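Asker: Now for the letters of each chain:
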Amino acid sequence: MAAGTTYEPIATTTLSGVSSYTFNSISGSYTDLILIGSINGVSSAADIWYRVGNGSVDTGSNYSWTWVSGFSSTTESSRASSNSKLYIDGWGTIGTGNSILRTSINNYSNTTTFKTLLVQRTDAAKEANAQVGLWRSTAAINTIQLGLDSGTFNSGTVLTLYGIAAA
Amino acid sequence: MANTFELIASSTVGSGGSANIDFTSIPSTYTDLVLKVSGRQGAENAFDITFNGATTSYVVRRLQGNGSSASFSDGSGTTTAIRVIGIASSGSTANTFGNSEIYIPNYAGSNNKSVSIDAVNEDNAAEAYMNLAAGIRSNTAAINQITITPRAGSLAEYSTAYLYGIKNS
Chain A
1 MAAGTTYEPI ATTTLSGVSS YTFNSISGSY TDLILIGSIN GVSSAADIWY RVGNGSVDTG
61 SNYSWTWVSG FSSTTESSRA SSNSKLYIDG WGTIGTGNSI LRTSINNYSN TTTFKTLLVQ
121 RTDAAKEANA QVGLWRSTAA INTIQLGLDS GTFNSGTVLT LYGIAAA
Chain B
1 MANTFELIAS STVGSGGSAN IDFTSIPSTY TDLVLKVSGR QGAENAFDIT FNGATTSYVV
61 RRLQGNGSSA SFSDGSGTTT AIRVIGIASS GSTANTFGNS EIYIPNYAGS NNKSVSIDAV
121 NEDNAAEAYM NLAAGIRSNT AAINQITITP RAGSLAEYST AYLYGIKNS
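Protein chains in written order, with my numbering: chain A, 1 to 167; chain B, 1 to 169.
Hints in this document: simulated from the structure, not taken from any laboratory.
A quick note: this is a predicted structure, and the numbers were derived from the prediction, not measured.
For each residue, glycine too, the CB sits at the ideal point set by N, CA and C.
Hints are not guaranteed to be accurate.
Derived contacts from chain B toward chain A, CB cut-off under 7 Å, selection only [unchecked claim]: (1) Thr4; (2) Val59; (3) Asp74; (4) Phe97; (5) Asn106; (6) Ser114; (7) Ala134; (8) Asn168.
Non-contacting residues of chain B with respect to chain A, defined by C-beta distances greater than 10 Å in every case (computed) [claimed, not checked]: (9) Asp22; (10) Ser25; (11) Gly91.
Please build the complete structure, drawing on both the sequences and the hints.
Answerer: Listed below in C-alpha cells is the structure:
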C-alpha cells in the first residue's frame, strides 16, 4: 500500500463572540472527517448542537441521537429523534468552563447511506458525554455547523476540521 | 497540504519493567498533542499523568463502566495528577494490556490545560473497565514534559507510549 498523507487540516477558525460557525464547501476527497473543538467556555450555559447538510445546513427534522453522560455524581443515558438540530448536550447544557469536543464523521461523502456522527464532549468542571448522532439523508456532507441556542462562544475557542484519506 | 499528525516520541518498556515513561523537551510547534498508551503494571488499574513535573492543580471527572454498573466521579479525587483508569493490572488475565488515548488541545497556549481521555481494559474476566474522562490542570504554562507513572509497581515489559503532535495549519 502506498503511503500517503492521511490526516490533514481542512479548515480552522478561532471564534469570538459568535453563536455559531459553519464549515462550508468541505471537499469530498477524504474518507472520514474529524472535528476538534477546544471550547474556551460560553457566555452563559446553553444548549449546543450540530447541523450538517449538502450545499446548506439541513434545518428539517432529520436528526436523532443517543447519549450516555456523567454529571455531578450521576450517570444517565437517553435519546431523542426527529429533531431539527442534533443536540450534543448530554445530561445538560454546555457550561462556562473549558470543553473539548471530538467528533468523527465516517464515510461522510457517500451518497447511499444516512450519516452517523460520533461525538465526545468533556468538561473537567462539569461532565463527560459520549454520543451518537444520525442525519437521515443520503446526501454527501459538505457543510457542518456548530451552534448555541443562546449566548456566544468565548474568545479563544478554536474549531479545526481534519480530513482522513484512506489512500 | 502537509500531513500534520506526526510522531514526536515513543517508548517501549524493556525487560525488567520501568518506573515511568517520561517525554521531555516536547516542542511547542504543534497545535494539539495525542498520547496513546498500551500498558500493564502492578496491582492497580490506573496510572498517573503529570505535566512539566508538577504535582498540583489537577482535576478529573470520569464516566466509567465496569461491566456491571456505570458511575461518574465528581472531580473530588486526587489533585496530584491526571489519573487514567485504563491499564491492565497484575490481576488481569495474562498478556492483556489496557489502552488509552489522551487528547491535549492547545497544549502550548497560555490557557489552563484541558484533556479528554478514552481508556479501556478488557481481559475476558472481571478486570474490565471503559471510561471517558475530562481532565484539567489549572496552570497556564506550556506543556513541555509529560510523565506517565504507574499507580502500583512498574510498567510491565512491552508497555508502550506514543506521543503525537497535530498541526491545524
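Asker: Work down the list of hints and note, for each, if the structure agrees.
Answerer: Right, here's what the structure says about each hint:
no., hint, in the structure
1, Thr4, "holds (6 Å)"
2, Val59, "holds (5 Å)"
3, Asp74, "holds (5 Å)"
4, Phe97, "violated (23 Å)"
5, Asn106, "holds (5 Å)"
6, Ser114, "holds (4 Å)"
7, Ala134, "holds (3 Å)"
8, Asn168, "holds (4 Å)"
9, Asp22, "holds (24 Å)"
10, Ser25, "holds (23 Å)"
11, Gly91, "holds (25 Å)"
The structure fails to meet hint 4 from the earlier list, while all remaining hints are met.
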